[in-house]
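**Student:** If you want the building blocks of each chain, they are given just below.
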Amino acid sequence: MGANDNFASMSAAALRGEVEDLFARYDNLLNKGEYEKWLEMFAQDTLYRIVPRENFEMGLPLATWHCESKAMIEDRIVAIRKTLMYAPRYVRRFGSGIVVEGWQDGLLKVESSYLATETLLDQVTKVFNVGHRYDQLINENGILKFKSRVCVYDTILIPNSLVFPL
Amino acid sequence: MGANDNFASMSAAALRGEVEDLFARYDNLLNKGEYEKWLEMFAQDTLYRIVPRENFEMGLPLATWHCESKAMIEDRIVAIRKTLMYAPRYVRRFGSGIVVEGWQDGLLKVESSYLATETLLDQVTKVFNVGHRYDQLINENGILKFKSRVCVYDTILIPNSLVFPL
Amino acid sequence: MGANDNFASMSAAALRGEVEDLFARYDNLLNKGEYEKWLEMFAQDTLYRIVPRENFEMGLPLATWHCESKAMIEDRIVAIRKTLMYAPRYVRRFGSGIVVEGWQDGLLKVESSYLATETLLDQVTKVFNVGHRYDQLINENGILKFKSRVCVYDTILIPNSLVFPL
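Protein chains in written order, with our numbering: chain A, 1178 to 1343; chain B, 1178 to 1343; chain C, 1178 to 1343.
Okay, chain A solo, but in the shape it has when bound (with noise of 0.2 Å):
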């Protein structure tokens, strides 16, 4: 919320509260896609990446998004509300298992899970992707904003609907 913007001296329970509510915040913009407030949710030096598991623990660059500044996302946003080949579909996030490491060099070390559904306007809604979160957080201007995602999914098939953010 931000009332104490004093992250790094917070016990860990008030923290893992913090990282609690910001995931919440996150995934909920995306699901309503409200992606340019979303994308305030990046620090202004920011790595934003998905990426399949095999490659990730093989070190391959390989990657279906990677964006290494808050310009680079912003061009997605931008594909995103312009493009129309896309077939209608919601995509809905589900985090789950926030684990909040601590503070390491100014920066915050979270991992969690997380479970997208894709729903085509008349199907039944799918299971299109699970993974990994690996995020670094830093404290910028008093508020906790991604220095880093990494979202490392265990599938190696690239779904259509990666087009939209996890």
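Treat the hints loosely; a few may be bogus.
Stated by the list, open to error - Straight line, CA to CA, 16 Å or less: simulated EDC-like cross-link-like pairs of lysine to aspartate or glutamate:
| no. | chain 1 | residue 1 | chain 2 | residue 2 |
| --- | --- | --- | --- | --- |
| 1 | B | Lys1209 | C | Glu1234 |
| 2 | C | Lys1209 | A | Glu1231 |
| 3 | C | Lys1286 | B | Asp1198 |
| 4 | A | Lys1209 | B | Glu1231 |
| 5 | B | Lys1209 | C | Glu1288 |
| 6 | B | Lys1324 | B | Glu1288 |
| 7 | B | Lys1209 | C | Glu1231 |
| 8 | A | Lys1286 | C | Asp1198 |
| 9 | A | Lys1209 | B | Glu1234 |
| 10 | C | Lys1209 | A | Glu1234 |
| 11 | A | Lys1209 | B | Glu1288 |
| 12 | A | Lys1247 | A | Glu1213 |
Just so you know, these hints were derived from the structure itself, not from any lab.
Based on these hints, arrange chains B and C on the given structure of chain A.
**Tutor:** Frame of chain A, contents of chains B and C only:
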């Protein structure tokens, strides 16, 4: 928990914890089929709806569930208890991404996502419904209760299992 | 976390935070295949079971996993590490709806739901098992550990992947 019933003066963090606990108990009661206890989580004067997203966003009135009072919810519980026309199945609800927006005019606005699975006796478990919960909570005699819960689901297909509440 | 090991005198809110953290770390270790660290979350004298709901509700003894001690869990870990008869797959666990019931006779009762996905290497991710977790936690040398965890799953089909723990 209700040891502290002064929800309006709680810190954002403490209030978030109360809401997390409330939502977990709600899902837990439904998952165990304890519908009569679940009913008690609603305010005397309440609204409970389950609606497809398309209709919700266009403001259309179609709803799979539409209960304008506790008595109407109770009628549906009786129907579930008495009806034998559905194959036996288990429905399980998973809440995620709880965002507490804060108090306004005596009501606490909360948004979250839910995923529901259904398991027919001799079949594998399937995701059958996911969506967004728009809630308004009220302090009724020192206990947080649902003044309204609107579950907006992503698909337009109406699943059989929506005879069971979410 | 364990900075405060006096769990019995904690507020309900603080205790709930500790349990949330514990469960997140549990799922996280399993999701990363760190079974040896996961084993350390169980009490010296422990019970770990995975059982189908129908059998659980009828009090029948059939169980997919039935470990009455840490040593028995360890045996299963060794079996997982050594066996090559299963196709490579990722299993991911999602906890939800954690309800902390409170201390009784030195044990903390907790209930929650879980959903597990499985991903075979060249296939899409599937929900393969969902159910209810009935847990009893104990304070062992200032750390909350599992005195018993019973995972009761909704389907009666026994999935291959239950060679992996939940």
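**Student:** Which of the numbered hints above does this structure break?
**Tutor:** none
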